[in-house]
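**Student:** One letter stands for each residue in the lines below.
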Amino acid sequence: MARLLTSGTVLVLGGARSGKSAFAEKLVLESGLQPLYVATAQVWDDEMRTRVEAHRKRRQTQWQTMEEPLELPKLLKREARQGRAILVDCLTLWVTNLMLAEANISDRFASLCAALHGCEGLVVLVSNEVGQGIVPDNKMARDFRDHAGRLHQDVAALADQVHFIAAGLPLTLKG
Amino acid sequence: MARLLTSGTVLVLGGARSGKSAFAEKLVLESGLQPLYVATAQVWDDEMRTRVEAHRKRRQTQWQTMEEPLELPKLLKREARQGRAILVDCLTLWVTNLMLAEANISDRFASLCAALHGCEGLVVLVSNEVGQGIVPDNKMARDFRDHAGRLHQDVAALADQVHFIAAGLPLTLKG
Amino acid sequence: MARLLTSGTVLVLGGARSGKSAFAEKLVLESGLQPLYVATAQVWDDEMRTRVEAHRKRRQTQWQTMEEPLELPKLLKREARQGRAILVDCLTLWVTNLMLAEANISDRFASLCAALHGCEGLVVLVSNEVGQGIVPDNKMARDFRDHAGRLHQDVAALADQVHFIAAGLPLTLKG
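Protein sequences, first through last, are from chains L, D and P. In terms of our numbering, the first sequence has 173 at position 173, counting the first letter as 1, and numbering is strictly consecutive. Each number in our numbering comes from the position in the second sequence (counting from 1) with 1000 added on. Each number in our numbering comes from the position in the third sequence (counting from 1) with 2000 added on.
Okay, chain L solo, but in the shape it has when bound (with noise of 0.2 Å):
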């Protein structure tokens, strides 16, 4: 398992069904801190409602949840503080609702950032690999791939720990 923090910033990284967000959940809880769940996920079909009640049954009820598909630097900010844990789930989810909203993604990207930068607490981030298949067909996919790979290098670079979870195992790449 990884090293216990109470304070600053975790990504997880993982494939479709890796078990990162059992792991991400997993380091919020044993860190003692007062659990906050904030999902990016816009409820679009049954498909997604049936995989977002999965997520809500496996976590307890002591946590606090959130839904904040754009505004997830402003909600950091304000919802960040000392003895809070914040895990958010996911970073592709929110790339996906950025582009769709057609925001201006470096901004966005550099926004989320700063506001981690000045958090005080834990703050863990969930997020997809989804760059190791072959080049997808269309423009959109390929560009998405772009934006969260970036996006994953800026976190990363700024992160205490960074974790990539394969088969529910953590290989830790920073921290």
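Hints may be right or wrong, so weigh each one.
Unchecked claim - Lysine-lysine pairs mimicking BS3-like chemistry, simulated, CA-CA at most 25 Å apart:
{"id": "1", "chain 1": "P", "residue 1": "Lys2139", "chain 2": "L", "residue 2": "Lys139"}
{"id": "2", "chain 1": "D", "residue 1": "Lys1139", "chain 2": "L", "residue 2": "Lys57"}
{"id": "3", "chain 1": "L", "residue 1": "Lys174", "chain 2": "D", "residue 2": "Lys1174"}
{"id": "4", "chain 1": "D", "residue 1": "Lys1139", "chain 2": "P", "residue 2": "Lys2139"}
Unchecked claim - Only part of the chain P face toward chain L is listed, based on derived beta-carbon distances under 8 Å:
{"id": "5", "residue": "Ser2018"}
{"id": "6", "residue": "Val2130"}
{"id": "7", "residue": "Gln2132"}
{"id": "8", "residue": "Gly2133"}
{"id": "9", "residue": "Ile2134"}
{"id": "10", "residue": "Ala2141"}
{"id": "11", "residue": "Ala2167"}
{"id": "12", "residue": "Gly2168"}
{"id": "13", "residue": "Leu2171"}
To be verified - The following residues of chain P were derived to be distant from chain D, with all beta-carbon distances above 10 Å:
{"id": "14", "residue": "Glu2053"}
{"id": "15", "residue": "Leu2075"}
{"id": "16", "residue": "Cys2119"}
To be clear, the hints were calculated from the coordinates, so they are not data collected in a lab. Don't be surprised by glycine CBs; every beta carbon is placed ideally from N, CA and C.
Following the hints, complete the assembly by docking chains D and P onto the known chain L.
**Tutor:** Chains D and P in isolation, oriented as in the chain L frame:
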């Protein structure tokens, strides 16, 4: 190279053409146990036939071979024994076969884990990492990715060793 | 950071936007050797032009630059020498170019490995991990994935160092 086992469960994960089968075969041969190769592949077309033949050629004549597309838990219960090393190649094809047969996936995964728990001798399971690309367009591929990811987590949790192979080189996640 | 080399072969693998090129450039610059950048990219369209320009801007003026879409083994034989560090960016585009040119893939891979075996000075090769997503629908993409995977295994087997980059952070597989 990995620490040598003569009993227990080993999971060997990796991308396409990562060298995972060759690594798993080496583990089995170095164990000194009697090797049994279990293919889950169902040969549909010439492309598949070519792949199966390439694998077959690399293995030496000392291997016993069985084909079992669906009833993997039963096969393990029947065939696993002290002094024997079983190589299952691969779990992702088994998942595909279960989906095509409209089997109850959760039940089958539970049966496999129960069988592995009860096994004597060595069982080495090869599987494809398929969850680190862009989210696939079609639901069946997303379901497949989810099933494969969940199975990897289940098997990794009970395995004695888990290795991730890239460019023919192992990264030990557990053991 | 990786142990510093002034001669030999280094393979730098990673997904899209993983930071692999920046990592490879750093390795070359920190070697203190005279840097030569070899681009395998063939510029087809504006999207590619933008990517190439972004890479070019990041590199400093001290770099010499060559473009070689196909005859990589010949270039290495001709240009590699003591005191020089060659950065090849990237092998996956070279594989694509070979496939489009209907070259004999196995022969070319053997030539590359022979050239690398004979090289003086440092050669750092960047390549994309493309085999960890869902099996692609079309045969050409599956063939490409197979070729790339086999090349990675071949080069990794003879390399002095192999690094896997995720979120800008290196994981050393060898060396």
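**Student:** Failing hints, ascending?
**Tutor:** No hint contradicted; all consistent.
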